[in-house]
Amino acid sequence: MSFTNNFQNIKIKHLFYFHTPFYYLRKILIYTCLTFLGVLVSFPFLWMITASFKSLEEATSPSLWIFPTQWQWKNWIYVFHSAPFGRYFFNSFVVAGIVTIAVSINSILAGYVFARLKFQGKGFLFALIMATMMVPFESILIPNFILISKLGWYNTYAGLIVPWCANAFSILLIRQAFLTVPEDYYESAQIDGCGHFSFLLYLSIPFVKPALITGALFSFLGSYNSLLWPLIITADETKRVVQVGLTVFSGDAGIRVNLLMAASTIVALPTIIIYLIAQRYFFQESIRVGLKG
Amino acid sequence: MIPNRIKYKKRSDFFIAILLLFPSLLVLIPFFIFPLFYALQLSLWGGKRNTGIFVGLKNYMVAFQSPMFWQSLRVTLYYAIMTVPTTLILGFCVAYLLSKILRGRTFLRILFFVPYVTSTVAVAMVWRIFYNPQFGFFNSILDLFGFPVQRWLLEPRGVLNILSGGVISPQWGPSLALVCISLFDIWHTFGFAVVVFLTAMSTLPKEYYEAAQIDGARPLQVLFHIELPLLSPTWLFLITVQLIRSLQSFSSFYALSPSSGRTMGTTENLMLHIYSQFYEYGYWGYGSAVAILLSIFIMALTFIQWQWTRRYVFYQ
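Protein chains in written order, with the working numbering: chain U, 489 to 781; chain L, 535 to 850.
Everything labelled a hint here was simulated from the structure, so no lab data went into it.
For every residue, glycine included, the Cβ atom is placed at its ideal position computed from N, Cα and C.
Just to be clear, a hint being listed does not mean it is correct.
[Claimed, not checked] Sample of chain L residues lacking proximity to chain U, with all beta carbon distances greater than 12 Å (derived):
no., residue
1, Gly580
2, Val589
3, Leu591
4, Pro619
5, Leu688
6, Pro690
7, Pro739
[Said to hold, decoys possible] Simulated restraints, written as ranges between beta carbons of each label pair:
no., chain 1, residue 1, chain 2, residue 2, range
8, U, Thr523, L, Ser703, 37 to 47 Å
9, L, Trp604, U, Lys697, 11 to 21 Å
10, U, Trp553, L, Phe568, 49 to 59 Å
[What the hints assert, rightly or not] Using 20 Å as the maximum straight-line C-alpha spacing, the simulated PhoX-like pairs for lysine-lysine come out as follows:
no., chain 1, residue 1, chain 2, residue 2
11, U, Lys638, L, Lys582
12, U, Lys515, L, Lys634
13, L, Lys634, L, Lys740
I would like the entire structure built from these sequences, with the hints used as guidance.
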């Protein structure tokens, strides 16, 4: 801290500024704008939840009052009776869970290879894997559908899971994290007779944990929220995931708004809970590398 | 002795590398790299499903002559023009305001990002009910202020036609239904722009702000002469990312546009066009051809973005 004359002047100016009406006016203006936007953002969620507890007449009335006069708690149970949402949830969690585990394992292994090992053709393989990030989804949609059908995986878990079990984004994320592990650790571990696998298991995982969690979160949410692929690869409700189930239900439910809102809330809830618990991981690594949405 | 050991180590590294990479390559090569070439081959075959014959470039010709292709291309571009600038400008303004406050900043940042992580289909259902012509929220508001009620998602007429009271032809410009989908998308994704801008703003060097303060710069001068120029890489990154996202968007269109085709194709973008041609009508070759046309455009954008990102990282 240097207390030159110049800096003191600024401090005095600052103190003076804090007490001007202009300062308070500006603060009030900013908070008003942000509160208004906050209400705009949260309003659909609020409405979704309250409408799910309304009776049908209330949910379809043009009234602007959002809270139900009588809370219909049974709506949430009716949803599970009127469509096999239990089955949909089971499928979604199985698919998203296996995809997440597989992506995590694959990206740890591949990330370690690209961060630490030296071998012929490493540059080529890395470029090849990174190039898959540039492949737009729609261009591989039809060929993958045909491929999966030819493998006999149409309308199976394998068809939903296998094509998403590795991705370049997660590999890059983990590789960057491995690069931050100091070189000395590797050398001393090698001198102590530590092989690649024990090194990975005992020394590297703690270092890459934040990146690993970020990658896992994005895999899970990406898989859980995906619509197009499950839509074309599943044929009946035994393999249908929640996103497809909800679009089908919205057609069937038609005007039964309260049940549709209960279903939407139930579908949205897992992602919101996961996000709120783990939100710091969303803002740390991911933004720098660039999200894939 | 030493050179031998190095050579030996290199060989063992190669095998272990292939072993560790094997599961990833087993997924990425058959499901990401091979399909690219397969799609090129498919696009040269005509007919339905696997009954087609080799037709050369005819599928591309059909696409260029089909009015449905041009309409879906127009819808895709209208959508991009409406959503990308609005999302980014709104996101920047909100991030700027958030950067000026301390209390409540973390809470609001978390709140603004919630729509982005929530499933598109689930929140689209809420908006679909808001847009409902009989009891929807938007018509209630219009009714309250004495404006004529609208058909929102079911309205194929151009929004300019409605706003101008019928002076401009209904075919001109995006339909009201498309504007409704765009509004939903802006609400759904602007939080992403907020978070990226806010992160970028927090990494700007403090010296610039101090220098500006010493020179007595006003907040708006700081914004236009320091923050905006320094944030130009972030703008470029977000423009390309959001542009690619909007060109590829499927879920919001699928969940919001009525299935019975009552909007006369004004809410069918290229992704829906590909989906319906390929999945509902079984035109594998034609679908692949349109997909490749869209992909070329998107890959060019991705490539530009990569170049920019590399330059950005270099300058940091």
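Going down the list of hints, with the structure as the test:
Its beta-carbon lying about 14 Å from the closest one in chain U, Gly580/L satisfies the requirement of being farther than 12 Å from that chain. Every C-beta of chain U lies more than 12 Å from that of Val589/L, the closest at about 16 Å, which supports listing it as non-interface. Even its closest Cβ contact with chain U, about 17 Å, leaves Leu591/L beyond 12 Å, as expected for a residue assigned away from the interface. Distance check for Pro619/L against chain U: the nearest CB is about 18 Å away, which clears 12 Å, and the non-interface claim stands.
Interface exclusion of Leu688/L from chain U stands, the closest Cβ pair being 14 Å apart, more than 12 Å. The non-interface label for Pro690/L is consistent with chain U: the shortest C-beta to C-beta separation is roughly 20 Å, beyond 12 Å. For Pro739/L, the requirement that its beta carbon stay farther than 12 Å from each beta carbon of chain U is met, with the minimum near 17 Å. For Thr523/U and Ser703/L, the hinted distance range of 37 to 47 Å is satisfied, since their beta carbons lie about 41 Å from each other.
The hinted range of 11 to 21 Å is not satisfied by Trp604/L and Lys697/U, whose Cβ atoms lie roughly 51 Å apart. Roughly 57 Å separates the CB atoms of Trp553/U and Phe568/L, a value that falls within the hinted 49 to 59 Å. For the hint pairing Lys638/U with Lys582/L, the CA-to-CA distance comes to about 17 Å; that is within 20 Å, so the pair holds. Distance restraint check for Lys515/U and Lys634/L: the Cα-Cα separation of roughly 9 Å lies within the 20 Å cut-off, and the hinted pair is therefore satisfied.
Between Lys634/L and Lys740/L, the direct Cα distance comes to roughly 14 Å. Compliance with the 20 Å bound is thereby established for this hinted pair.
In this structure, only the earlier hint numbered 9 is contradicted, and the remaining ones agree with it.
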